[in-house]
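Undergrad: Residue numbers (the working numbering), protein chains in the order written: chain E, 6 to 369; chain C, 6 to 369.
A few of these clues could be false.
Which copy is meant is left open, so a pair is good if it fits within one copy or across any two.
To be verified - For lysine to aspartate or glutamate, the following EDC-like pairs were computed, each having C-alpha atoms within a straight-line distance of at most 20 Å: (1) K270 to E292; (2) K281 to D80; (3) K22 to E49; (4) K270 to D183; (5) K22 to E256.
Honestly, the hints are just simulated from the structure, not real lab data.
All values reported here derive from a predicted model rather than from experimental measurement.
There are 2 protein chains.
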Amino acid sequence: MSVAASTPEAWATLSLKALPHDALVALLRAFGTPDAVLSATRAELGAVVPDAIAARVAEPVDETSLALTRTWLADPAHEIIAWDNTDYPRALLDLGYAPLALFFVGRRELLNRPALAIVGSRNATAQGALDAQAFAKALSDAGLTIVSGLAVGIDAAAHEGALEGLGSTLAVVGTGLDRVYPARNRELAHRIAAHGGLISEFPPGTPPKAMNFPRRNRLISGLARGVLVVEAALLSGSLVTARHAGEQGREVFASPGSIHSPLSKGCHKLIREGAKLVETAQDILGELGMAAPEGGVAKHAASPATDAEAALLDALGGDCVGVDTLVTRTGMTSAIVMAALTGLELSGQLAAIPGGLWQRLHRT
Amino acid sequence: MSVAASTPEAWATLSLKALPHDALVALLRAFGTPDAVLSATRAELGAVVPDAIAARVAEPVDETSLALTRTWLADPAHEIIAWDNTDYPRALLDLGYAPLALFFVGRRELLNRPALAIVGSRNATAQGALDAQAFAKALSDAGLTIVSGLAVGIDAAAHEGALEGLGSTLAVVGTGLDRVYPARNRELAHRIAAHGGLISEFPPGTPPKAMNFPRRNRLISGLARGVLVVEAALLSGSLVTARHAGEQGREVFASPGSIHSPLSKGCHKLIREGAKLVETAQDILGELGMAAPEGGVAKHAASPATDAEAALLDALGGDCVGVDTLVTRTGMTSAIVMAALTGLELSGQLAAIPGGLWQRLHRT
């Protein structure tokens with residue numbers, strides 16, 4: 006039985022065989038290292054695991070996959086973090102399905118920090134995305150690493166918010182790390198690689214496959230102390246992630262919304278099934294037993310910079326309003342109204358909506 | 006000890022003394038009827054209840070109050086429903102504070118039908134009022150009597166919805182029934198008196214007093230199997246009603262909303278504390294173990310009557326939109342758009358909002 010440390014490539018090779026978790030545990034217990042497992046005879050393997058699995062181990066792996074992995078590993082920024090690695094996320098080890106090796110780019114010290122997952126709809130509303138971003142920023146400021154799935158919509162907003170905060174973010178993807186999907190998030194993925202971490206249990210070259218996303222979701226919740234769902238339809242992958250979280254003993258949080266919004270129905274279902282209803286980041290920190298940072302959860306809500314902007318926000322109220330109406334309501338000239346609208350839009354306090362109208366945005 | 010049945014006036018007179026519940030039970034157990042209690046000597050009374058209470062019973066009641074009650078009772082539509090009355094609401098009897106006498110106008114058979122209370126903010130949003138009305142109508146259709154407090158906002162909408170449905174409504178007020186408060190609901194109160202029931206535990210002439218409203222709230226929840234809260238601020242009488250409901254072993258239901266709406270915070274607090282989150286009337290019927298009526302809870306949502314109306318609703322989406330934008334989006338002439346807008350407004354499918362804009366209304 007070999008006692009030499011195994012190379013990343015050996016971990017990757019064993020990982021490519023996609024063996025069941027229990028078989029991997031048995032093999033490594035018996036042979037000590039991936040190299041030893043890979044060089045064992047069929048008979049030696051058959052003494053430890055069922056014959057069908059012994060056959061899979063003894064078979065050579067797909068050379069194309071192995072070549073892609075070798076190429077990917079040649080970049081010094083690219084790492085394999087396997088079971089023998091002290092940076093391997095301890096949160097995953099007790100789950101019974103910790104991937105043998107994680108393909109990783111980024112700051113490995115983030116893998117063992119307290120984390121919270123934020124997930125939700127790809128078709129998020131503008132307000133839902135703002136909410137996810139605000140939750141992520143406040144929780145990042147409070148010291149939590151925000152885990153999400155790098156999808157468009159809520160996921161992307163959560164990563165963005167986390168990067169804006171004092172903490173950071175981990176993106177768990179369902180493809181090879183050489184194939185960031187969706188393409189729209191490529192620029193975000195680069196920033197996450199530089200300031201946070203990108204994780205996949207799938208080897209380089211793995212394309213987007215529907216069957217891999219549930220495993221990605223299981224990893225997202227597994228890495229975190231809890232999962233916050235912001236906007237999810239009734240049939241939504243986010244609900245699967247929340248179910249995993251429950252099974253993994255993680256907290257499940259959901260933010261509610263209008264009873265008429267299809268994107269709130271998933272969150273409402275979760276709350277009915279026992280998820281904690283949350284309105285603020287403080288609600289989550291309280292449940293996790295974490296104190297809010299000095300002065301409470303940081304609120305960086307922009308405030309009107311001028312009297313004209315303040316008057317305009319008052320005049321807007323909760324309505325969708327055009328410039329003419331604002332001129333009437335405020336008694337200001339249209340030039341002043343236009344200038345104030347621009348200032349408020351730049352500071353993210355309102356948004357233009359179709360029809361030349363303006364709507365106030367609420368930020369937590 | 007007298008065995009003669011007591012007159013409504015005797016019940017009213019004893020009621021005017023505002024004695025503690027336990028003392029009333031002891032006195033009626035000892036003397037048999039209100040007349041007998043009222044004609045007992047101070048010494049006889051003192052043998053049954055503490056001396057201070059005996060003194061209050063022996064004192065003459067305020068003549069003005071008694072005269073107001075007599076005048077009110079002279080109207081044959083006005084009734085006193087006291088503990089001896091078979092129509093007295095059985096739901097109240099086990100609570101330990103059932104009022105000795107209820108002042109009542111309306112259909113007494115409603116007092117012992119399965120009921121659900123719907124309460125909420127006086128400052129309801131247009132959508133909140135629509136929601137309360139839709140819940141009330143659907144639950145009324147399903148055979149529940151809707152109980153509320155005849156306040157403006159959610160209460161009024163709940164009574165209206167209940168009257169539209171196949172069932173009916175009970176309004177519990179915190180003033181004398183000769184002083185319906187607020188005045189804005191006088192016309193609604195008349196319709197409730199004709200088709201439902203108006204209830205007060207306070208004698209005629211009682212003006213609105215802050216101290217009486219919590220007792221009104223306790224009666225609202227006491228009469229019902231459960232309480233639905235639709236829109237309530239954090240410091241809200243509706244939350245008191247919900248707390249009473251919990252203490253009385255009634256179900257508490259709350260409908261959620263935006264995390265940015267102050268009028269949802271009370272509902273969210275209730276849900277966190279264990280209230281059932283509900284999106285539809287069916288959710289409530291399910292919890293109460295009541296089947297929905299044939300074909301599910303009746304949905305009477307208006308639908309677009311013409312192709313132009315349907316196209317317009319599509320073009321509106323979730324935005325607040327002006328006529329010009331609708332002309333652009335639909336390619337219809339402004340005359341056709343205007344006609345369709347009018348049709349949709351008349352059927353309650355959209356509402357004009359400030360600035361010449363239109364917004365779609367969601368009805369459950």
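Undergrad: So, for every hint listed, does it hold in this structure?
TA: Okay, the hints, checked on the actual structure:
When the C-alpha separation of K270 and E292 is checked against a cutoff of 20 Å, the pair qualifies only between copies, where the shortest distance is 18 Å, while the shortest distance within a copy is 23 Å. For the homomeric pair K281 and D80, neither the shortest alpha-carbon distance inside one copy (43 Å) nor that between copies (53 Å) is at most 20 Å. For a Cα distance limit of 20 Å, the shortest separation of K22 from E49 inside one copy, 18 Å, qualifies, whereas the shortest one across copies, 95 Å, does not. For the identical chains of this complex, K270 and D183 are neighbours neither inside a copy (35 Å) nor across copies (45 Å), given an alpha-carbon limit of 20 Å.
Taking the closest pair of Cα atoms, K22 and E256 never come within 20 Å of each other, the shortest separation being 33 Å inside a single copy and 54 Å across copies.
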